[in-house]
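J.: Quick note: the sequence shown uses our numbering, first residue 957, plus one each step.
Some hints here could point you the wrong way.
Pairs of lysine-lysine, PhoX-like flavour, derived with a Cα cap of 25 Å [as the list claims (entries may be wrong)]: (1) Lys1068 with Lys1082; (2) Lys1053 with Lys1068; (3) Lys1095 with Lys1068; (4) Lys1082 with Lys1095; (5) Lys1095 with Lys1052; (6) Lys1008 with Lys1105; (7) Lys1098 with Lys1082; (8) Lys1033 with Lys1052; (9) Lys1105 with Lys1031; (10) Lys1098 with Lys1068; (11) Lys1082 with Lys1059; (12) Lys1008 with Lys1066; (13) Lys1033 with Lys1059; (14) Lys1105 with Lys1095; (15) Lys1052 with Lys1098; (16) Lys1053 with Lys1082; (17) Lys1008 with Lys1068; (18) Lys1033 with Lys1066; (19) Lys1053 with Lys1031.
If you anchor each label on the Cβ, the simulated ranges turn out as follows [stated by the list, open to error]: (20) Asp1020 with Glu1056: 16 to 22 Å; (21) Asn1092 with Thr1045: 15 to 21 Å; (22) Leu1044 with Asn1092: 17 to 23 Å; (23) Asn1061 with Lys1095: 28 to 34 Å; (24) Lys1031 with Asp1077: 27 to 33 Å; (25) Asn1092 with Ile1046: 20 to 26 Å; (26) Val1009 with Ile1046: 30 to 36 Å.
Simulated from the structure, these hints should not be mistaken for laboratory data. Note that the Cβ used here is the ideal one computed from N, Cα and C, for glycine as well.
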Amino acid sequence: MAGEIFQQSAKILEPAFKTKEKGENNVGTVVIGTVKGDVHDIGKNIFVTLLKVGGYDVYDLGVDVSPETFLERAKEKNANVVAYSGLLTIALESMKKTTELLKANGLREKVKIIIGGLPVDELWMKEAEADAFTDNAFKGVKIVNEWLKKGGD
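Using the sequences and the accompanying hints, generate a full structural model.
T.: What follows is the structure in structure tokens.
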């Protein structure tokens, strides 16, 4: 319920956030989505809002996103970070497939990957060949800041 309240509040308050227009002195570019086979998005949406407020260009692909769509958007938007979200245990397989596709297309070494969701842990991170994991949107932003702001805030 708290996540839903945050989402509704963020929609109302978003115009007041001091966000930049896409491409205007952005801190970095993040492509994010809930992986194929999963439709949960409350945590992802909170993370997206926090990243936008932090000055990032964020491309939210939505839910049930195929590995091919992650690849296409990451290339198209010249992403610094690709973020996979998932709540169901089947999400791990989609995360692995997405990273494999990024590797096969020469993009893996150009992006950082963060995974998020309630079941994610160090094992999932290793299996998905991600650089970081979190089950907390605020911690996720801190990690991305450390990567792209050269040491954080």
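J.: Is the hinted pair Lys1033 and Lys1066 satisfied, with a Cα-Cα distance of at most 25 Å?
T.: 12 Å, holds
J.: Can you let me know if the beta-carbon spacing of Asn1092 and Ile1046 is within 20 to 26 Å?
T.: About 22 Å separates the Cβ atoms of Asn1092 and Ile1046, which means 20 to 26 Å holds.
J.: Keeping to a limit of 25 Å between CA atoms, is the pair of Lys1105 and Lys1031 held or broken?
T.: 21 Å, holds
J.: Between Val1009 and Ile1046, does the C-beta distance stay in 30 to 36 Å?
T.: 31 Å, holds
J.: Starting from Lys1053, check that the Cα of Lys1068 is at most 25 Å away, please.
T.: 16 Å, holds
J.: Given the hinted pair Lys1008 and Lys1105, is their Cα-Cα distance within 25 Å?
T.: 15 Å, holds
J.: Taking only the CA atoms, is the gap from Lys1095 to Lys1068 under or equal to 25 Å?
T.: 15 Å, holds
J.: So if I understand the rule, the pair passes when the alpha-carbon distance is 25 Å or less; does Lys1105 with Lys1095 pass?
T.: 15 Å, holds
J.: In this structure, is the beta-carbon distance linking Asn1092 and Thr1045 contained in 15 to 21 Å?
T.: Holds - the Cβ-Cβ distance for Asn1092 and Thr1045, about 19 Å, lies within 15 to 21 Å.
J.: Do the alpha carbons of Lys1098 and Lys1082 lie within 25 Å of each other, as the hint requires?
T.: Holds - the C-alpha atoms of Lys1082 and Lys1098 are around 20 Å apart, at most 25 Å.
J.: Please work out if Lys1033 and Lys1059 have their alpha carbons no farther apart than 25 Å.
T.: 17 Å, holds
J.: Below or equal to 25 Å on CA atoms is what counts here, so check Lys1053 against Lys1082.
T.: 13 Å, holds
Against the hints set out earlier in the document, no violation occurs for any number.
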